[in-house]
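Colleague: Sequence:
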Amino acid sequence: MAKRAAGTGKSLVIVESPAKARTISKYLGKDYTVEASIGHIRDLPQGSKEMPEEFKGKKWSYLGVNVDDGFEPVYIIPGEKKPQVTKLKALMKDASRLYLATDEDREGEAISWHLLEVLKPKIPVHRLVFHEITEEAILDALEHPRDIDDGLVRAQETRRILDRLYGYEVSQLLWRKVAPRLSAGRVQSVAVRLIVERERQRMAFRSATYWDLIARFVTEDGKEFDAELVSVGGRKVPTGKDFDSATGKIKDPNLLLLNEKTVQELAEKLHNEKFAVSSLDDKPYTRKPSEPFTTSTLQQEANRKLGFTARRTMNVAQSLYENGYITYMRTDSTNLAQVAIDAARDLVRTEYGPNYVPAEPRVYKSKVKNAQEAHEAIRPAGHPFKLPESLRNVLTPDQFKIFDLIWKRTIASQMSDARGRSITLSVAGGDAIFQVTGKTIEFAGFLRAYVEGSDDPEAELADQERLLPSVNIRDPLGCKQLTEKSHSTQPPARFSEASLTAALEERGIGRPSTYASIIDTILERKYVFKKANALVPTWVAFSVSRLLEEHLPNLVNYEFTAKMEDLLDSISRKEEDSVAYLQNFYFGNGDAGLKPQLDKKIIEVDPREMGRFTLGTPTEGEHQEEVFVRVGKFGPFIEQGERKGSIPQDTPPDEMTLERALKLLDQAGVGEEPLGICPDTHKPVYLKQGRFGPYVQRGAGDEDEKPKNASLLPGMQPADVTFEIALDLLKLPRTLGENPETKEPILAANGRYGPYIKHGSDFRSLPPDISPVTVSLDQALAIFAQPKVRGRGRNAPKEPLKTFESSPVTGQPIKVLEGRYGTYISDGVTNATLPKDLSHEELTLPQALTLLEERAAMGPPKKGRRGAKAAAPKKAATPKAPKAPKAPKAATVKKAAPKKSAKKAPAAKTATKAAKKATPKNPKPNDDIPF
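The opening residue of the sequence shown carries number 300 in our numbering; numbering runs sequentially from there.
Hints listed in this document are in silico derivations from the structure and should not be mistaken for laboratory results.
Just so it is clear, CB atoms sit at the ideal spot from N, CA and C, and this is done for glycine as well.
Check before you lean on any hint, since a few could be wrong.
Said to hold, decoys possible - Computed Cβ-Cβ distance ranges for the label pairs, DEER-style:
{"hint": "1", "residue 1": "Pro-791", "residue 2": "Gln-1085", "range": "52 to 62 Å"}
{"hint": "2", "residue 1": "Lys-830", "residue 2": "Arg-806", "range": "19 to 29 Å"}
{"hint": "3", "residue 1": "Thr-538", "residue 2": "Gly-737", "range": "39 to 49 Å"}
As the list claims (entries may be wrong) - In silico EDC-like pairs for lysine to aspartate or glutamate, Cα to Cα no more than 20 Å straight-line:
{"hint": "4", "residue 1": "Lys-685", "residue 2": "Glu-650"}
{"hint": "5", "residue 1": "Lys-329", "residue 2": "Glu-434"}
{"hint": "6", "residue 1": "Lys-1042", "residue 2": "Asp-1027"}
{"hint": "7", "residue 1": "Lys-962", "residue 2": "Asp-1027"}
{"hint": "8", "residue 1": "Lys-1087", "residue 2": "Glu-1104"}
{"hint": "9", "residue 1": "Lys-862", "residue 2": "Asp-703"}
{"hint": "10", "residue 1": "Lys-1087", "residue 2": "Asp-1077"}
{"hint": "11", "residue 1": "Lys-1030", "residue 2": "Asp-1019"}
{"hint": "12", "residue 1": "Lys-1007", "residue 2": "Asp-1027"}
{"hint": "13", "residue 1": "Lys-784", "residue 2": "Glu-564"}
{"hint": "14", "residue 1": "Lys-900", "residue 2": "Glu-849"}
{"hint": "15", "residue 1": "Lys-309", "residue 2": "Glu-442"}
{"hint": "16", "residue 1": "Lys-707", "residue 2": "Glu-675"}
{"hint": "17", "residue 1": "Lys-862", "residue 2": "Glu-874"}
{"hint": "18", "residue 1": "Lys-664", "residue 2": "Asp-641"}
{"hint": "19", "residue 1": "Lys-329", "residue 2": "Asp-393"}
{"hint": "20", "residue 1": "Lys-573", "residue 2": "Glu-559"}
{"hint": "21", "residue 1": "Lys-325", "residue 2": "Asp-439"}
{"hint": "22", "residue 1": "Lys-573", "residue 2": "Glu-523"}
{"hint": "23", "residue 1": "Lys-604", "residue 2": "Asp-703"}
{"hint": "24", "residue 1": "Lys-1057", "residue 2": "Asp-1068"}
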């Protein structure tokens, strides 16, 4: 156990999360109190309404940064963090020492600095740093504390201010010139540009078709193998890379381009030829293991091998770190500590044998530029390393998969090279040459532990080999079969989360630890949607990228954005002045700064041009005007002269060809012709195509009364809709009659989740063979008579999906329940939403307790407008209770992170109104969230 600190009370240790607090407390014992800050306790205000009263009249108040005086930020304590800050202040009163044990990176250093600024301790303060949460690491950190790193704090604050200026200012331009509720961001906008550029390449791509032959040869001793045609008459047969992706034409006219007819003729000719081995190229090869995981490579590999999103990977890695199973998971370094190298080599020796241990330990050169943030690579914590199988029953399934991946990669990084031979075999017959390449593994080396991109090294070793029969030059071969094969060139693949992460890292844009947040943001903002594992840009993303590329090119320039990251590293090393950089970025210095550029672009940018993309001009038919995709206020649509048509939701831009657009316009034109006139209302009835699919409409939409719309029933196609069917659909919801017992009406309707019937507050889905148009009262009563199956009915009591033992806090059983907004857990007092990447089947009791503890620490949920209106009337005065500890001030102007040129700003007054959650007047961009 750690030695008791000097003083009368316990030492207070503050970390970021409750899980990390629990793990560390196991190693410190009763003389230490370990508590979580639950992330940042202060931040910039979210809009001018959260600003303290004294600053609300300032022209810069919407930014939360005083751009007129040294870019001083205004920090507030968000309402949900006040209870935790109060708790920390109470614990400080009896503490003898304060240890700040947040992560050793920009964000962690900033959290410690904010804690120091808010708590204002009058006891000794120490900064603890460690890269793994093990007893040895924690006790060593206590023996070697340090002070807060001013450089890292300054770098984080500069990054936060930079992202706020970029996000809030550029977003306002997007609101006015593209669409409301959009956001821009320093790294986010560049990521969107990368995805849009790839889609443009796909749209410009022209496919090409080429043919070749596959020959099956037989040796004299009966061994068979396949080889591909590579040349005829000395002319090389092209492959996919030999075609121009923009034209579909062959790049080199000297190559032999075969079509279906010529390849069949060649096959017929070669059937009569004799074949023999013409050349044999046998070369040794050596393959080295990959370096240990960094944040980026872990995200990429987990996406490729496990199908995990970047967010899911980081959440799991965070939990493994906080519970002491792996080292710190936000790192650019591939370096391993000597104890880790020794532990890995010992395991290799015992698990695989001495031949798999190289003579000298492997040392990997880190790519990181900022030595202050260069941690170890991600590896199993402690030494010796625990075997994955020993933790299988302790970890959740996701945790086990990630830990197993990290363990194998770490072990493999200290194993011997794989060795083998690569053999290229050429076969000649007539004037044609066929070729095949084989590979043999003579020594598996590191492949015995880890095959990149594969889960099972033993099973995948076979795929690393392609065995060829033993032959010599001039050996005769029989040709058993010739197969003509057609190929089509493929457009560039869209980015997956893994390949986007790799592309950003390769260009030096952002930090790997931020990539999960960036991908989350562009998906949430509808710049991108997922199709299988691919990231597909929306037309809104095209508009935003066009505006930024044409009018603010520096902001999405890859090199410019990467240099920003380098400069932040320089600030953290105290080599650059942050105020001077922010001044140049925002106001300009020779080159135009952000603010003057935006003031100019508000006037110059034509929003119509930013949201219009040509698809071409038809040369046939009645309508021959140019066809455009237009990005409108309510989404993208097709426009040709006066004709307009909806684009089905989630249609990839590269699929919106001129032919497809004309077809959608024709379908929309059909919708302009009514199916008939409603006999009851005398209004026209239409069949229309909307962005969410086909529907029927009664009324032209140009009258005072809104037209009535009705969706088609599940499985119904537009061609099935007659005038009579349309009238039936428009009658929904329809009253079937009264329940004879309750005298309440029973309704049949078609809802968002399909057809259903309703009686009072009871809803029942209709089975597929019963239509809401034809369902009878008797059928409905029979359905209501059946026991209700757990589903959408919110008012019916539901059985728990899972029940744990009683909570140590409330004494009530912990239940997993299905709610209106998803699965959640409850201890009878606190409800906590279950993360999307964690199923209730995998949920363990410790995880449930952690989720409930974190949610309880955030305080009661905020009331929205509806909750405010429903507030109970004030009660008569009651005797006063004892005074609670004073809540922290709602907002303060930042007491500047140490910097030479910073002026000391006056302390802000308590601002009760500013502490309340307020919605900014304009939509608030959320791209400036601290990563």
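Colleague: So, for every hint listed, does it hold in this structure?
Modeller: We went through each hint and held it up to the structure:
no.	hint	result
1	Pro-791 with Gln-1085: 52 to 62 Å	holds (54 Å)
2	Lys-830 with Arg-806: 19 to 29 Å	holds (24 Å)
3	Thr-538 with Gly-737: 39 to 49 Å	violated (19 Å)
4	Lys-685 with Glu-650	holds (13 Å)
5	Lys-329 with Glu-434	holds (15 Å)
6	Lys-1042 with Asp-1027	violated (25 Å)
7	Lys-962 with Asp-1027	violated (28 Å)
8	Lys-1087 with Glu-1104	violated (27 Å)
9	Lys-862 with Asp-703	violated (36 Å)
10	Lys-1087 with Asp-1077	holds (17 Å)
11	Lys-1030 with Asp-1019	holds (17 Å)
12	Lys-1007 with Asp-1027	holds (13 Å)
13	Lys-784 with Glu-564	holds (13 Å)
14	Lys-900 with Glu-849	holds (11 Å)
15	Lys-309 with Glu-442	holds (17 Å)
16	Lys-707 with Glu-675	holds (16 Å)
17	Lys-862 with Glu-874	holds (14 Å)
18	Lys-664 with Asp-641	holds (18 Å)
19	Lys-329 with Asp-393	holds (14 Å)
20	Lys-573 with Glu-559	violated (23 Å)
21	Lys-325 with Asp-439	holds (15 Å)
22	Lys-573 with Glu-523	holds (16 Å)
23	Lys-604 with Asp-703	holds (12 Å)
24	Lys-1057 with Asp-1068	holds (18 Å)
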